[in-house]
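Protein chains in written order, with the UniProt record's numbering: chain A, 1 to 106; chain B, 1 to 280.
What the hints contain is simulated information worked out from the structure, not anything from laboratory work.
Glycine residues also receive a C-beta, built at the ideal position from the N, C-alpha and C atoms.
Be aware that a few hints might be false.
As the list claims (entries may be wrong) - A partial selection of chain B residues facing chain A, derived with a Cβ cut-off under 10 Å:
(1) D102
(2) Q135
(3) K138
(4) D150
(5) Y158
(6) I159
(7) Y224
Chain residues, written in single-letter form:
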Amino acid sequence: MDTSSPSVFVNGALLRRFVGQKVRTVIQVMGSDMGSVVGKSTDDLQIFVRGSPPPSLTTYLEVIGIADSENSIRAEVWTNFGDSFDALNYNELCKLANGEFKHLFI
Amino acid sequence: MYSNSQFEPNSAFSGGGFMSSQPSQAYETSSSTAKNRDFQGLVPVTVKQITESAQSGGEKSGIVINGVELTNVSLVGLVCDKDVSKVTEVRFSLDDGTGTIDCKRWVNESFDAREMESVRDGTYVRLNGHLKTFQGKKQLLVFSVRPIMDFNEVTFHYIECIHFYSQNSDSQFGQQVGDVTQSHTVSSQGVSNTNQATTLNPVMSSQNNDGNGRKNLDDMILDYLKQPVCAAREQGVHLDDIAQQLKVPKNKIEDVIRSLEADGQIYSTIDEYHFKHVEL
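Between the sequences and the hints, there should be enough to build the whole structure, so can you do that?
Encoded structure:
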């Protein structure tokens with residue numbers, strides 16, 4: 001049991017609250033090269049993700065890592081979330097997980 | 001609902017094959033599930049909730065989360081530190097973003113082995129297990145690990161955790177009915193609160209459809225009908241009056257009334273629009 005380093009659910013707007021901390025988010029991939037991925041957050045903001053992405057990416061990508069700045073993440077864990085992920089639902093979850101029900105998460 | 005449809009709690013866990021092959025576990029499991037059988041099946045939780053949970057009694061007692069004694073829980077997260085060095089068990093940690101918890105899966109049948117083979121470090125899984133304290137540490141004895149194929153299940157799981165929490169915490173109850181009217185006052189209080197207000201509404205309104213909000217309306221109608229003034233009226237209370245008194249649209253009331261009637265909690269009197277509550 002260890003809850004010392006949770007990764008907070010964030011969307012684009014919430015990311016800036018957690019600079020320097022561990023976060024998780026889902027982006028819609030816009031473009032990628034060897035060391036980075038550019039994507040659109042679930043609330044339509046641009047997010048830059050650094051690190052080493054997997055060779056093939058689906059439309060939606062979850063990244064877990066440290067928030068570098070208010071619009072970039074240094075990712076440690078990359079998970080393809082497929083092509084039919086509901087971004088709106090995820091966006092609402094991010095808000096709930098940082099709002100009224102924060103204590104269930106962090 | 002993924003977990004509800006796939007795991008009918010009582011039938012799925014009341015006597016699985018894995019229990020009979022481990023006598024010591026089987027004894028504890030059956031004694032504690034027997035107590036809670038009517039009560040809760042498989043409960044969606046986050047690791048953080050488990051960490052903060054309390055033990056209701058000694059080591060063999062259930063673990064209490066949010067006032068509810070739990071035995072079987074459902075989690076979603078990433079598998080890490082998978083350890084297959086032992087023949088009869090697979091150990092791993094599950095990281096759900098709120099924390100990590102130690103998990104153990106007994107490998108008795110070839111089915112167990114096959115299921116665990118498809119699970120590697122970094123795999124997102126839906127996991128169902130028995131929550132247990134062993135040597136002062138909480139751990140999960142896992143009886144189902146399934147890689148997640150549709151990642152909407154991840155979102156769904158956390159929403160379900162919130163839903164279960166809301167359903168079982170009294171302080172939340174009053175908030176949900178008056179939610180729509182409250183949001184205006186809340187949103188005028190500043191930026192951080194605006195976020196909360198806007199997030200609340202879509203989820204709450206969806207809950208109204210699947211039972212939670214309606215439960216409150218159930219109670220409101222019942223409470224209203226139980227008032228001495230209403231109970232005294234021989235012909236009961238007209239649907240329109242109930243709607244007017246509770247300030248809820250008539251069409252909304254109608255559905256709830258029908259379900260209350262079907263449940264035998266209220267009955268229609270002189271015609272199908274007048275109702276009284278059933279006195280017990």
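Hint by hint, here is what the structure shows:
no., hint, verdict
1, D102, "7 Å, holds"
2, Q135, "12 Å, violated"
3, K138, "6 Å, holds"
4, D150, "7 Å, holds"
5, Y158, "6 Å, holds"
6, I159, "6 Å, holds"
7, Y224, "28 Å, violated"
Hint check: violations occur at hints 2, 7; the rest are consistent with the structure.
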